[in-house]
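Trainee: One-letter residues, chain by chain:
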Amino acid sequence: MELLLQTLVSGLLKGGVYALIGMGMTLIMGVMGVINLAHGQIMMVAMYITYSLFAIFGIDPYLSMAIGAPTIFVLGAAIQRYLLNPLMRIETILPENQVLMTVGIGMVLTESMRIIFTSDYKSVQVSYSNAVFFLGGVSFSMPLVIDFFLAVAMTCALFWFLIRTDMGRSIRATAQDKEAATLMGIDTERITWITFGIGSAIVAMAGAMLLPIFYLYPDIGGPFTRKAFVICILGGLGSTVGAIFGGITLGLAEAFGATYIAMEFEDMIGLVIFIIVLLFLPGGFKRLTGV
Amino acid sequence: MTTMLEVCDLCVRYDGANALRDVSFDVMAGEIVVLLGSNGAGKSTVIKTISGLVKPESGTITYDGVRLDLLPASKVFSHHLAHVPEGRKLFHEMSVEENLILGSLKPDAKEKREETLKRVYDLFPQLKNLSGQAAGNLSGGEQQMVAVGRGLMGLPKMIMLDEPSLGLSPKLALDIFRIVKTINGEGVTVLLVEQNVKSSLAICHRGYVLENGRIIMSGTGSELAQDERVKEAYLGI
Chain U
1 MELLLQTLVS
11 GLLKGGVYAL
21 IGMGMTLIMG
31 VMGVINLAHG
41 QIMMVAMYIT
51 YSLFAIFGID
61 PYLSMAIGAP
71 TIFVLGAAIQ
81 RYLLNPLMRI
91 ETILPENQVL
101 MTVGIGMVLT
111 ESMRIIFTSD
121 YKSVQVSYSN
131 AVFFLGGVSF
141 SMPLVIDFFL
151 AVAMTCALFW
161 FLIRTDMGRS
171 IRATAQDKEA
181 ATLMGIDTER
191 ITWITFGIGS
201 AIVAMAGAML
211 LPIFYLYPDI
221 GGPFTRKAFV
231 ICILGGLGST
241 VGAIFGGITL
251 GLAEAFGATY
261 IAMEFEDMIG
271 LVIFIIVLLF
281 LPGGFKRLTG
291 V
Chain W
1 MTTMLEVCDL
11 CVRYDGANAL
21 RDVSFDVMAG
31 EIVVLLGSNG
41 AGKSTVIKTI
51 SGLVKPESGT
61 ITYDGVRLDL
71 LPASKVFSHH
81 LAHVPEGRKL
91 FHEMSVEENL
101 ILGSLKPDAK
111 EKREETLKRV
121 YDLFPQLKNL
131 SGQAAGNLSG
141 GEQQMVAVGR
151 GLMGLPKMIM
161 LDEPSLGLSP
171 KLALDIFRIV
181 KTINGEGVTV
191 LLVEQNVKSS
201 LAICHRGYVL
211 ENGRIIMSGT
221 GSELAQDERV
231 KEAYLGI
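Each protein sequence line maps, in turn, to chains U and W.
With the first letter of the first sequence counted as 1, position 38 gets the number 38 in my numbering; the numbers rise by one all the way through.
With the first letter of the second sequence counted as 1, position 2 gets the number 2 in my numbering; the numbers rise by one all the way through.
Read the hints as simulated data drawn from the structure, not as lab findings.
Be aware that one or more of the hints could be misleading.
What the hints assert, rightly or not - When the alpha-carbon atoms are kept at most 30 Å apart in a straight line, the in silico BS3-like pairs for lysine-lysine are as follows:
hint, chain 1, residue 1, chain 2, residue 2
1, U, Lys178, W, Lys198
2, W, Lys128, W, Lys55
3, W, Lys89, U, Lys178
4, U, Lys178, W, Lys157
5, W, Lys198, W, Lys157
6, W, Lys181, W, Lys157
7, U, Lys122, W, Lys110
8, W, Lys128, W, Lys106
9, W, Lys231, W, Lys75
10, W, Lys112, W, Lys89
11, W, Lys118, W, Lys106
12, W, Lys112, W, Lys198
13, W, Lys171, W, Lys106
14, W, Lys128, U, Lys178
15, W, Lys55, W, Lys89
16, W, Lys89, W, Lys198
17, W, Lys112, U, Lys178
18, W, Lys112, W, Lys75
19, W, Lys171, W, Lys181
20, U, Lys178, W, Lys118
21, W, Lys118, W, Lys55
22, W, Lys75, W, Lys118
23, U, Lys122, W, Lys171
24, W, Lys75, W, Lys89
25, W, Lys112, W, Lys128
26, U, Lys178, W, Lys110
27, W, Lys128, W, Lys181
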């Protein structure tokens, strides 16, 4: 019983951060109709920024988000504006090629980081990295608990932004009907790079949160791109609410897989669920909830 | 009267074919002007070109002293012009009120958002009760009201309506024409594209008839309604 609770807790906590990662990707998907296969790699770059700020200046990973997230916003916005949007203007290039472009961008980011930081494992050891507290026999990892509440706060902030502000409304309008958005005077091209920037900044924050828990190396991006993709498919492509469910589901599935099957299956479990969802619930949770 | 819109020698090519050839017409401030013509005559293309959604090959479009043909589509609408598109193009997953709000993104329209919203609800009392509903769940007539309301939210000097009565029952279509008249009465210039020739000629000041991308006839509403060719081709008399 304790083991079950423990698994549930750690899955849920990790799921909160996963939800954040998934929301970044699904936001971009919703507006551009393009899967950003460099999503995890962008997160990896953010993690290196966080790492550098810690290693050089001793800035706490959570505080350095204030620097990392805006920097990655600029990186993401520039990728959309100067690398992806030009592809859209050429009619002979299929839109699918933007996806291929993101794959290439992901590789360039990975190798650039390898040149700068080598392939060595880096880690950020803060005083609370291994801190744990117990509640009724269940252990709570301090960083994961902080991450979870931060992720919830960010999610609320994102929804507030999307629902309550004109910029958020413009983003949703562009996602629903580009031509109609143009008729409202929305510069939809500007919206595309702002959205890509926001999606990137969100995953950058998730990256900073994960740094006290994960080892960092250049190839860590790939697995997280895959995770983000699985989360988006689970939640239904383009659905931000779905991404929350998708993230939590993946977090729980991984935790239960690791506990009850074997540690090595942690990553595989997500992909198995991915296939099951594609087979039996194409459209993901979005199909059930309608949002 | 001042000229609100002046379209001069407009030529548009669509997929290599001539969609519009040397189209020239003008709309005076305060007028209701209707563009008539059968399906495929190029009426919608005229409006889309004014909005910047379609780029002209040659010709000029001057609206309220500004050359719209030189601007990208998103900039066109900062000039107090509204385009209510064919098929309404609402944001279906958003609420009625959100749709209306999206019509008022420009700084000056945003400032008066609450005020204009109230005015739109006064004009369409039904929408007030539906304000929280997803636009996609509304009936065709209600959706058309949202589309017109959304256009008005931007405080336009001129509103362009593309087939507002399309797909509506005759009674609802009549409602729409009455609303157009009301809006015009409040000082908004109207450029109307319609297939419903009889009703639109009844409310318009002037009209132009488009055929195969050219303007073949123009005149006041009653002149056109009396014209033998119009009667034969469009009124079925």
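Trainee: Can you list which hints this structure breaks, lowest number first?
Mentor: 1, 2, 7, 9, 12, 13, 21 and 23
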